[in-house]
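Single-letter residue listing:
Protein chains: 2
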Amino acid sequence: MNTTANLVEQKIVLNNSVSVDCVIFGFDFMQLNVLLVDRVMYDEKSGKELFNDLTLTGNHIFEEEDLDEAAARILFDLTGLKNIYLEQFYTFGSPTRINRENDKAWLAANGRDPNHRIITIGYYSLLDTDKVTLEWKGRNVRWVPVSDVTELAFDHMEILQKALQALRKKLTREPIGFELLPPKFTLSQMQRLYEVILGVTLDKRNFRKKVSRMKYLVPLDEKQKGVAHKPARLYVFDRDIYETTKTELLDFAI
Amino acid sequence: MNTTANLVEQKIVLNNSVSVDCVIFGFDFMQLNVLLVDRVMYDEKSGKELFNDLTLTGNHIFEEEDLDEAAARILFDLTGLKNIYLEQFYTFGSPTRINRENDKAWLAANGRDPNHRIITIGYYSLLDTDKVTLEWKGRNVRWVPVSDVTELAFDHMEILQKALQALRKKLTREPIGFELLPPKFTLSQMQRLYEVILGVTLDKRNFRKKVSRMKYLVPLDEKQKGVAHKPARLYVFDRDIYETTKTELLDFAI
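Protein chains in written order, with the working numbering: chain A, 146 to 399; chain B, 146 to 399.
Okay, chain A solo, but in the shape it has when bound (with noise of 0.2 Å):
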């Protein structure tokens, strides 16, 4: 059964119909920005630009992968890093995900069947931009801030939109954002995060009425250093006590 053909027509049929999406969002502290990738159609005769449209970074599923080993190398492929933070978050499947004409010219431009239905599985990650160097490869990939993304090929507008949906209900259930702080940060850059990355803006009172009930917030004895402004104070993200006390049941809408 192992024969090197055998495998490969396993793999195209796995591939033909499945693929993996991942929306891989960038923060830094002035806004938060998503992976994009130049899809550009050329006319086979004069060469001329026909059209460039913006797509998420997909790919398909290898035999032997597993659907997250597939998100994970997709990102590596990308961004050169490993073992980050991805999410599956949601799987599309519309039989209309592909009615768009750009879509389809270039689905047939690319040898593949426009009516042929791929489900895709969407994942989504998040990584500080400045530590990031894109990967080339030949592609034209590069970071857009989110709000400035008005459209995207195929359904990829409506993956971008759920899972920035996804990752915001994260940010305001879990503490999944520390990372993207130093490790020793001040509460305004943690406000600025948070708004950065759900797109309000937050009263700071509030805001610090909340963090005060957050007991895996420890603040240290120690101020900023080399700021203009009044130094701060420091606090750091303790993981362990957030472990220990995030059991609380029945915190909805409360």
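Check each hint, because a few of them may be wrong.
Where chains are identical, the list cannot tell them apart; a pair therefore holds if satisfied intra-copy or between any two copies.
Claimed, not checked - Restricting the straight-line Cα-Cα distance to at most 25 Å, the calculated cross-link-like pairs of lysine-lysine (BS3-like) are: (1) Lys354 / Lys368; (2) Lys249 / Lys276; (3) Lys227 / Lys360; (4) Lys314 / Lys355; (5) Lys276 / Lys329; (6) Lys360 / Lys315; (7) Lys227 / Lys315; (8) Lys249 / Lys307; (9) Lys307 / Lys360; (10) Lys360 / Lys314; (11) Lys193 / Lys370; (12) Lys315 / Lys355; (13) Lys354 / Lys276.
The hints are simulated quantities; they were obtained by calculation from the structure and are not laboratory data.
Take the given structure of chain A and dock chain B to it, following the hints.
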């Protein structure tokens, strides 16, 4: 392109690699149940029963169906119910999903290749056990208390556990349980609902304290009737109040 042969062929390709599995939870005030199907394998010659495993209820996706529609069809098929709460929670696609002898034998006996990987999209649902008339249609479908389930076919035990996790998380964050209570209910009934689904015993005093902060739980000027014990106050769940007060950010683990 739209010949019948072509459509059938496409359906087969899609169905061959992807399925939908439904974890249908049934609540009654005694326990949390899950809907399972007996998968019996008989010896071809003697007709003797070789093994009987329990499975979740799943099916292929039809060519014209969205994923949600496939899940709703599977649920309708077994319960005769429409417009039921169904939530996509995770997609399973490990290359080792099928590695048990019984599963391989059963697939082979049903003309399917045990080495062909199927990726399955998991949905869960929550019903009132007592309100469901199971549609047998020749299958042995039955409610089994979740706490009694120790082994299932394929990777269905993993799917069940992940669904239970997702259901419990959802229940502690959002008011998804109130449709299982009478329109007017007592706090004891509500506490029981949470205890049954979460699989824990809750401290009555703490529970009442939490509940008193839920503005969308409205006490009535009305008490239970026809009970042997001291009649308790009745409450209603006010969805409008919930919708207007739920926009709380940063409520993680506080």
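Status of each hint after checking the structure:
{"no.": "1", "hint": "Lys354 / Lys368", "in the structure": "within (20 Å within a copy, 38 Å between copies)"}
{"no.": "2", "hint": "Lys249 / Lys276", "in the structure": "neither (36 Å within a copy, 47 Å between copies)"}
{"no.": "3", "hint": "Lys227 / Lys360", "in the structure": "neither (31 Å within a copy, 45 Å between copies)"}
{"no.": "4", "hint": "Lys314 / Lys355", "in the structure": "both (17 Å within a copy, 22 Å between copies)"}
{"no.": "5", "hint": "Lys276 / Lys329", "in the structure": "within (18 Å within a copy, 55 Å between copies)"}
{"no.": "6", "hint": "Lys360 / Lys315", "in the structure": "both (19 Å within a copy, 24 Å between copies)"}
{"no.": "7", "hint": "Lys227 / Lys315", "in the structure": "within (22 Å within a copy, 30 Å between copies)"}
{"no.": "8", "hint": "Lys249 / Lys307", "in the structure": "within (23 Å within a copy, 37 Å between copies)"}
{"no.": "9", "hint": "Lys307 / Lys360", "in the structure": "neither (31 Å within a copy, 29 Å between copies)"}
{"no.": "10", "hint": "Lys360 / Lys314", "in the structure": "both (21 Å within a copy, 22 Å between copies)"}
{"no.": "11", "hint": "Lys193 / Lys370", "in the structure": "neither (55 Å within a copy, 80 Å between copies)"}
{"no.": "12", "hint": "Lys315 / Lys355", "in the structure": "both (17 Å within a copy, 22 Å between copies)"}
{"no.": "13", "hint": "Lys354 / Lys276", "in the structure": "neither (32 Å within a copy, 46 Å between copies)"}
Comparing the model with each numbered hint stated earlier shows that hints 2, 3, 9, 11 and 13 do not hold.
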